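> Numbering of the sequence shown is given in the working numbering, commencing with residue 1 and proceeding in unit increments.
A portion of the hints provided could be inaccurate.
[To be verified] Pair by pair, the computed Cβ-Cβ distance ranges are:
no., residue 1, residue 2, range
1, D230, T51, 22 to 30 Å
2, K207, V186, 50 to 58 Å
3, K83, A153, 19 to 27 Å
4, P49, G17, 31 to 39 Å
5, I218, E66, 50 to 58 Å
6, E66, G214, 47 to 55 Å
[What the hints assert, rightly or not] Below, simulated BS3-like cross-link-like pairs (lysine-lysine); rule was C-alpha separation at most 30 Å, straight line:
no., residue 1, residue 2
7, K83, K101
8, K220, K207
9, K83, K204
10, K60, K229
11, K141, K229
12, K103, K220
13, K79, K103
14, K79, K101
15, K220, K83
16, K79, K204
17, K83, K60
18, K60, K28
19, K83, K141
20, K60, K79
21, K33, K60
22, K60, K207
23, K141, K60
24, K207, K229
25, K83, K207
26, K79, K28
27, K60, K204
28, K33, K79
29, K79, K141
30, K220, K204
These aren't lab readings, by the way, just hints derived from the structure by calculation. Computed from a predicted model, the values in this text were never measured in an experiment. Note that CB positions come from ideal geometry on N, CA and C, so glycine has one too.
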Amino acid sequence: GIPLLMKTLLDHGFLHGECLTVSGRTIKDNLAKVVWNDGQDVVRPANDPITTTGGVVGLKGNLAPEGAIVKVAGMAQDKLAFKGPALCFDSEEACFEAVRKRKYPEGCVFVIRYEGPRGGPGMREMLATTAALYGQGTGGKVALITDGRFSGATRGFCIGHVGPEAAVGGPIALVRDGDIIEIDAVAGTLDIQLSEAELATRRKQWKPRPTDYGSGAIWKYAQAVGSAKDGAVTHPGQKGETHVYADL
Numbered sequence: 001g002i003p004l005l006m007k008t009l010l011d012h013g014f015l016h017g018e019c020l021t022v023s024g025r026t027i028k029d030n031l032a033k034v035v036w037n038d039g040q041d042v043v044r045p046a047n048d049p050i051t052t053t054g055g056v057v058g059l060k061g062n063l064a065p066e067g068a069i070v071k072v073a074g075m076a077q078d079k080l081a082f083k084g085p086a087l088c089f090d091s092e093e094a095c096f097e098a099v100r101k102r103k104y105p106e107g108c109v110f111v112i113r114y115e116g117p118r119g120g121p122g123m124r125e126m127l128a129t130t131a132a133l134y135g136q137g138t139g140g141k142v143a144l145i146t147d148g149r150f151s152g153a154t155r156g157f158c159i160g161h162v163g164p165e166a167a168v169g170g171p172i173a174l175v176r177d178g179d180i181i182e183i184d185a186v187a188g189t190l191d192i193q194l195s196e197a198e199l200a201t202r203r204k205q206w207k208p209r210p211t212d213y214g215s216g217a218i219w220k221y222a223q224a225v226g227s228a229k230d231g232a233v234t235h236p237g238q239k240g241e242t243h244v245y246a247d248l
């Protein structure tokens, strides 16, 4: 099991063998007596993986300058690109209602925004909408992008963690219905077919979206939380803070 997996990763340069473990010995020492079993087909060797890229791919482009994440595990290799017109919603509830009433065309790209760490606040899972799409049999005929997140159960072309998020004026906040969005998980790109001049014009017109939270813990969280690309933490971690008893 795990020792066999670690052995092939070590042999092909993916582990630091000199690192100490809780046994008091290094990883290399712990794995010294592990012998690769050519007669099994459960664990593939690192030089002959099931896929070369893994099950999760990072995307970047003019729609996600800080990046985005898509799970491609289980997707066919000829289904790793998608292009279609945007259909925008400013909350998961609004999108779910449109899906429930089947008010969407096949081939569209759903855009669910203001669901990021600050916009949510809290970066909820967008699982309900994707589950509904697959329940209607259209999950493989549309794509979905969001500044929110997904669970591991998500299927199809569902892209999360788009950053910067809409609540801070990221490009996802500037998308309008009908804009053409292009996704390429092989090239690692997520783009909207708009010029930089048009994006700049829309950015000047954008205004922050009011929320239901004007005070309290949730409001405080929204003021302090950072980007998903940095872990959506409420402390930047750029410098340490030292306190003495007299400060407290």
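> Now look at each hint and say whether the structure bears it out.
So, going through the hints one by one against the coordinates:
1. D230 / T51: 22 to 30 Å: The hint (22 to 30 Å, Cβ to Cβ) holds, given that D230 and T51 are roughly 28 Å apart.
2. K207 / V186: 50 to 58 Å: Since the Cβ atoms of K207 and V186 sit about 37 Å apart, the hinted range of 50 to 58 Å is violated.
3. K83 / A153: 19 to 27 Å: holds (26 Å)
4. P49 / G17: 31 to 39 Å: Between P49 and G17, where Cβ atoms are some 20 Å apart, the hint is violated.
5. I218 / E66: 50 to 58 Å: violated (23 Å)
6. E66 / G214: 47 to 55 Å: violated (27 Å)
7. K83 / K101: holds (23 Å)
8. K220 / K207: With a Cα-Cα distance of about 20 Å, the restraint between K220 and K207 holds, given a limit of 30 Å.
9. K83 / K204: Given pair K83, K204 holds - Cα atoms ~27 Å apart, limit 30 Å.
10. K60 / K229: Judged against 30 Å, a Cα distance of about 12 Å means the pair holds.
11. K141 / K229: It holds: about 28 Å lies between the C-alpha atoms, which stays within 30 Å.
12. K103 / K220: violated (36 Å)
13. K79 / K103: Within the cut-off at roughly 24 Å; holds.
14. K79 / K101: holds (27 Å)
15. K220 / K83: Answer violated: K220 to K83 is near 38 Å, above 30 Å.
16. K79 / K204: Given pair K79, K204 is violated - Cα atoms ~36 Å apart, limit 30 Å.
17. K83 / K60: Distance ~15 Å between K83 and K60 Cα, so the pair holds.
18. K60 / K28: violated (36 Å)
19. K83 / K141: holds (11 Å)
20. K60 / K79: Distance of about 18 Å is within 30 Å: holds.
21. K33 / K60: This hinted pair is violated, its Cα atoms lying about 43 Å apart.
22. K60 / K207: holds (24 Å)
23. K141 / K60: Roughly 22 Å between the alpha carbons, so the hint for K141 and K60 holds.
24. K207 / K229: holds (23 Å)
25. K83 / K207: holds (28 Å)
26. K79 / K28: With a Cα-Cα distance of about 40 Å, the restraint between K79 and K28 is violated, given a limit of 30 Å.
27. K60 / K204: Holds: K60 and K204 sit about 23 Å apart, inside 30 Å.
28. K33 / K79: Given pair K33, K79 is violated - Cα atoms ~42 Å apart, limit 30 Å.
29. K79 / K141: The hint holds at about 10 Å.
30. K220 / K204: Distance of about 27 Å is within 30 Å: holds.
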